[in-house]
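Colleague: Protein chains in written order, with numbering that gives the first Met the number 0: chain A, 0 to 257; chain B, 0 to 239.
Be aware that one or more of the hints could be misleading.
To be verified - The list that follows gives simulated cross-link-like pairs (lysine-lysine, BS3-like), each with its CA atoms no further than 27 Å apart: (1) B:Lys51 / B:Lys73; (2) B:Lys22 / A:Lys133; (3) B:Lys50 / B:Lys13; (4) A:Lys35 / A:Lys11; (5) A:Lys178 / B:Lys113; (6) B:Lys50 / A:Lys178; (7) B:Lys190 / A:Lys60; (8) A:Lys100 / B:Lys171; (9) A:Lys35 / A:Lys107; (10) A:Lys88 / B:Lys73; (11) A:Lys100 / B:Lys73; (12) A:Lys245 / A:Lys217; (13) A:Lys35 / A:Lys100; (14) B:Lys50 / A:Lys133; (15) B:Lys51 / A:Lys107; (16) B:Lys39 / B:Lys51; (17) A:Lys107 / A:Lys11; (18) B:Lys73 / B:Lys50; (19) A:Lys107 / A:Lys13; (20) A:Lys10 / A:Lys107; (21) A:Lys88 / A:Lys11; (22) A:Lys133 / B:Lys238; (23) B:Lys109 / A:Lys133; (24) B:Lys73 / A:Lys60; (25) A:Lys88 / B:Lys171; (26) A:Lys88 / A:Lys35.
Stated by the list, open to error - Anything over 10 Å on all C-beta distances counts as not near chain B; from chain A, calculated: (27) Ile131; (28) Ile157; (29) Ser158.
No lab work stands behind these hints, which were simulated from the structure alone. All C-beta atoms, glycine included, are put in the ideal place defined by N, C-alpha and C.
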Amino acid sequence: MKRRFNYTDRKKIKRENVSINFIRQNDTIVAFAVNKLDLSDLNLPLDSRVYVEANYRTELKRFDFGSAGSINQLSPCDLRGMAYPENLKFRILVVDISDGKLLAHADKISPAGPTEKKPILPVEFSDLGNEIWKVEYEGDEGSPILRINSRIPNIQNISIQDAQFLLYVYPQVIREVLKHMVFVVGVDSITEPSADWHGDWIKFVRQLRVDFPDILNKNDENFSEVDALRWINDSVTAFCDSYSNKFEEYIDKLEETP
Amino acid sequence: MMNLRLMLPEGEHKFREYIHNLKTNSLFQRPELNNEPFSKEFSASVSIDEKKQFNSKMELAEYLQNCFSAADLKREDVLPRNGLWTWLAYVWFDQLAPITNPATSERNLKEDAKYLCSSDYRNYYRHLVSGPYSIYSLNGADNSNIFLYSRVNEHNDFVEQFASRQFIISHKNIIEAIRRLYFDSQRGQPKRGAQSRTRQGNIRRFVSVIQQFELTYDIYTMPADIILNLLPPEFNDWKT
Numbered sequence: 000m001k002r003r004f005n006y007t008d009r010k011k012i013k014r015e016n017v018s019i020n021f022i023r024q025n026d027t028i029v030a031f032a033v034n035k036l037d038l039s040d041l042n043l044p045l046d047s048r049v050y051v052e053a054n055y056r057t058e059l060k061r062f063d064f065g066s067a068g069s070i071n072q073l074s075p076c077d078l079r080g081m082a083y084p085e086n087l088k089f090r091i092l093v094v095d096i097s098d099g100k101l102l103a104h105a106d107k108i109s110p111a112g113p114t115e116k117k118p119i120l121p122v123e124f125s126d127l128g129n130e131i132w133k134v135e136y137e138g139d140e141g142s143p144i145l146r147i148n149s150r151i152p153n154i155q156n157i158s159i160q161d162a163q164f165l166l167y168v169y170p171q172v173i174r175e176v177l178k179h180m181v182f183v184v185g186v187d188s189i190t191e192p193s194a195d196w197h198g199d200w201i202k203f204v205r206q207l208r209v210d211f212p213d214i215l216n217k218n219d220e221n222f223s224e225v226d227a228l229r230w231i232n233d234s235v236t237a238f239c240d241s242y243s244n245k246f247e248e249y250i251d252k253l254e255e256t257p
Numbered sequence: 000m001m002n003l004r005l006m007l008p009e010g011e012h013k014f015r016e017y018i019h020n021l022k023t024n025s026l027f028q029r030p031e032l033n034n035e036p037f038s039k040e041f042s043a044s045v046s047i048d049e050k051k052q053f054n055s056k057m058e059l060a061e062y063l064q065n066c067f068s069a070a071d072l073k074r075e076d077v078l079p080r081n082g083l084w085t086w087l088a089y090v091w092f093d094q095l096a097p098i099t100n101p102a103t104s105e106r107n108l109k110e111d112a113k114y115l116c117s118s119d120y121r122n123y124y125r126h127l128v129s130g131p132y133s134i135y136s137l138n139g140a141d142n143s144n145i146f147l148y149s150r151v152n153e154h155n156d157f158v159e160q161f162a163s164r165q166f167i168i169s170h171k172n173i174i175e176a177i178r179r180l181y182f183d184s185q186r187g188q189p190k191r192g193a194q195s196r197t198r199q200g201n202i203r204r205f206v207s208v209i210q211q212f213e214l215t216y217d218i219y220t221m222p223a224d225i226i227l228n229l230l231p232p233e234f235n236d237w238k239t
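Take the sequences, apply the hints, and build the full model.
Modeller: As structure tokens, then:
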């Protein structure tokens with residue numbers, strides 16, 4: 000089981016109680032607005048201070064939103080001067096003014112975006128020298144991006160339509176991403192991981208109807224490498240099974256070849 | 000002097016190829032990438048001295064800060080431009096990967112991320128040009144010393160332990176506390192033993208303690224003095 004230390008009885012601000020939007024000018028992010036910040040279910044002291052922080056890498060900007068008893072939404076909050084506005088995430092803190100302790104907290108909140116579905120594995124085509132593909136962890140919160148070598152003729156169509164490409168490349172990509180997630184980065188929770196992309200990939204594997212081990216957190220003393228590797232292998236197998244028609248198509252093509 | 004340029008994908012490919020080839024053939028010819036389609040001009044108002052030698056990361060960061068300020072370029076204008084940092088690493092490559100054996104021209108080569116600026120969250124702070132500039136432009140000279148005291152081709156443990164952690168590097172008061180604990184300003188070097196893995200209150204322990212504070216206190220509003228006072232007794236020796 001994942002152990003969470005919370006000696007100060009810090010409360011969790013639920014995601015559904017927060018809504019933040021970027022404000023753009025000429026397609027550039029210049030500010031954000033907090034459309035919803037509901038702390039009413041947390042029973043916080045009315046004079047505790049409420050702050051919203053925008054952050055990414057070295058960048059951090061804090062905005063005072065008044066007190067828990069009287070939230071002043073200073074919208075829109077100016078983000079000009081921050082180096083990576085597109086990547087910003089938000090942290091909400093409620094602070095006890097008497098001793099500076101955190102009373103409630105929510106972290107890594109993404110602004111509400113367009114409603115279109117986001118792929119869990121964006122694909123980009125670029126010159127990879129003599130490599131056909133590689134996975135780089137350069138998306139939000141280090142999420143994976145599949146890079147495919149643009150020097151291969153007609154690769155954009157091949158990568159979508161060709162059964163051989165799909166069977167040779169994607170199972171290994173899935174294996175690579177899951178191994179990275181579990182053994183390099185670490186999944187802190189199966190039910191509520193702190194990184195959004197971990198949640199997306201866990202959901203993807205659940206849809207493949209794969210049995211999960213009890214623990215995927217490599218830092219947990221009960222973590223089993225064997226179980227984690229078994230889970231990864233089962234996920235890859237289940238993915239391949241879901242494309243059995245492509246496998247047949249591939250075999251048929253080989254058999255037709257004189 | 001040269002106008003500041005941005006490395007383009009074709010140029011990055013050639014630069015990467017050059018670095019990889021140097022590992023097996025130290026005499027491999029350096030490609031000329033100061034023209035299109037390998038790179039393009041970023042700003043005619045910023046001139047870069049490609050022959051300038053830097054004695055430390057601090058000198059490099061100060062030089063760039065002055066160049067950018069003179070052209071009214073702000074941190075947010077340059078920091079996200081990976082191609083700019085890759086081009087600067089190309090221009091100053093001889094001092095970022097110096098020849099260590101003149102007889103064979105063998106170089107002290109590090110991982111690609113030290114020269115090719117990447118958005119990868121695991122590597123971005125490791126770039127030998129953008130890393131120092133990012134720290135200097137954020138913290139100013141005094142509080143950057145502990146990260147930027149070393150030679151331009153060296154990646155020190157302070158950068159690895161602190162700059163890689165968003166919560167730490169983005170809080171100026173924590174950076175000031177780190178400087179006051181671990182930097183010997185008279186010697187212009189970190190205090191001896193700070194990077195030890197076994198000594199009490201070493202920098203790795205500092206990271207662990209701050210990570211506990213992160214979810215306990217509102218660190219943002221705490222002056223460095225208060226952060227230092229909150230540290231457990233194992234850090235007392237470093238406060239003197």
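Colleague: Next, verify each hint and record whether it holds.
Modeller: Structure-based check of each hint:
At roughly 22 Å between alpha-carbon atoms, B:Lys51 and B:Lys73 fall within 27 Å of each other, so this suggested pair holds. At most 27 Å may separate the alpha-carbon atoms for a hinted pair to count; B:Lys22 and A:Lys133 meet this at roughly 22 Å. Between B:Lys50 and B:Lys13 the CA atoms are separated by roughly 21 Å; this keeps the pair inside 27 Å, and the hint holds. Between A:Lys35 and A:Lys11, the direct Cα distance comes to roughly 16 Å. Compliance with the 27 Å bound is thereby established for this hinted pair.
Restraint check for A:Lys178 and B:Lys113: satisfied, since their Cα atoms lie roughly 25 Å apart, inside the 27 Å limit. This hinted pair does not check out: B:Lys50 and A:Lys178 have alpha carbons roughly 44 Å apart, beyond 27 Å. With a CA separation close to 31 Å, the supplied pair B:Lys190 and A:Lys60 exceeds the 27 Å bound. Taken as a hint, the A:Lys100 and B:Lys171 pair is honoured in the structure, with Cα atoms around 19 Å apart against an allowance of 27 Å.
For the suggested pair A:Lys35 and A:Lys107, the alpha carbons sit about 16 Å apart, so the restraint of at most 27 Å is met. Between A:Lys88 and B:Lys73, the direct Cα distance comes to roughly 22 Å. Compliance with the 27 Å bound is thereby established for this hinted pair. A hinted pair counts as satisfied when its Cα atoms are at most 27 Å apart, and A:Lys100 with B:Lys73 does not qualify at roughly 35 Å. Distance check on the hinted pair: A:Lys245 and A:Lys217 sit about 35 Å apart at the alpha-carbon level, beyond 27 Å; violated.
About 24 Å separates the Cα atoms of A:Lys35 and A:Lys100, which keeps this hinted pair within 27 Å; it holds. Annotation: proposed proximity of B:Lys50 to A:Lys133 is violated, straight-line Cα distance about 36 Å (limit 27 Å). With a C-alpha separation of about 41 Å, the suggested pair B:Lys51 and A:Lys107 falls outside the 27 Å cut-off, and the hint is violated. Pair hint B:Lys39 plus B:Lys51 holds up; C-alpha atoms about 21 Å apart against a cutoff of 27 Å.
Restraint check for A:Lys107 and A:Lys11: the C-alpha separation of about 13 Å stays at or below 27 Å, so the hint holds. This hinted pair checks out: B:Lys73 and B:Lys50 have alpha carbons roughly 24 Å apart, not beyond 27 Å. Straight-line distance between C-alpha atoms of A:Lys107 and A:Lys13 comes to about 12 Å, which keeps the hinted pair within the 27 Å bound. Taking the CA atoms of A:Lys10 and A:Lys107, the gap is near 16 Å; set against the 27 Å cutoff, the hint holds.
Of the supplied pair hints, the one linking A:Lys88 and A:Lys11 holds, its CA atoms being roughly 17 Å apart against a limit of 27 Å. Pair hint A:Lys133 plus B:Lys238 does not hold up; C-alpha atoms about 47 Å apart against a cutoff of 27 Å. The hinted pair formed by B:Lys109 and A:Lys133 meets the criterion: a straight-line CA distance of about 21 Å does not exceed 27 Å. Note on B:Lys73 and A:Lys60: the hinted pairing holds, with a Cα-Cα distance of about 16 Å set against a maximum of 27 Å.
Taking the CA atoms of A:Lys88 and B:Lys171, the gap is about 19 Å. The hint holds against a cut of 27 Å. For the hint pairing A:Lys88 with A:Lys35, the CA-to-CA distance comes to about 16 Å; that is within 27 Å, so the pair holds. Under the 10 Å C-beta cut-off, the non-interface status given to A:Ile131 relative to chain B holds; the minimum distance is some 15 Å. Its beta-carbon lying about 21 Å from the closest one in chain B, A:Ile157 satisfies the requirement of being farther than 10 Å from that chain.
The Cβ of A:Ser158 lies farther than 10 Å from every Cβ of chain B, with a closest approach of about 19 Å, so its non-interface assignment holds.
Hint compliance for this structure: hints 6, 7, 11, 12, 14, 15, 22 are broken, all remaining hints hold.
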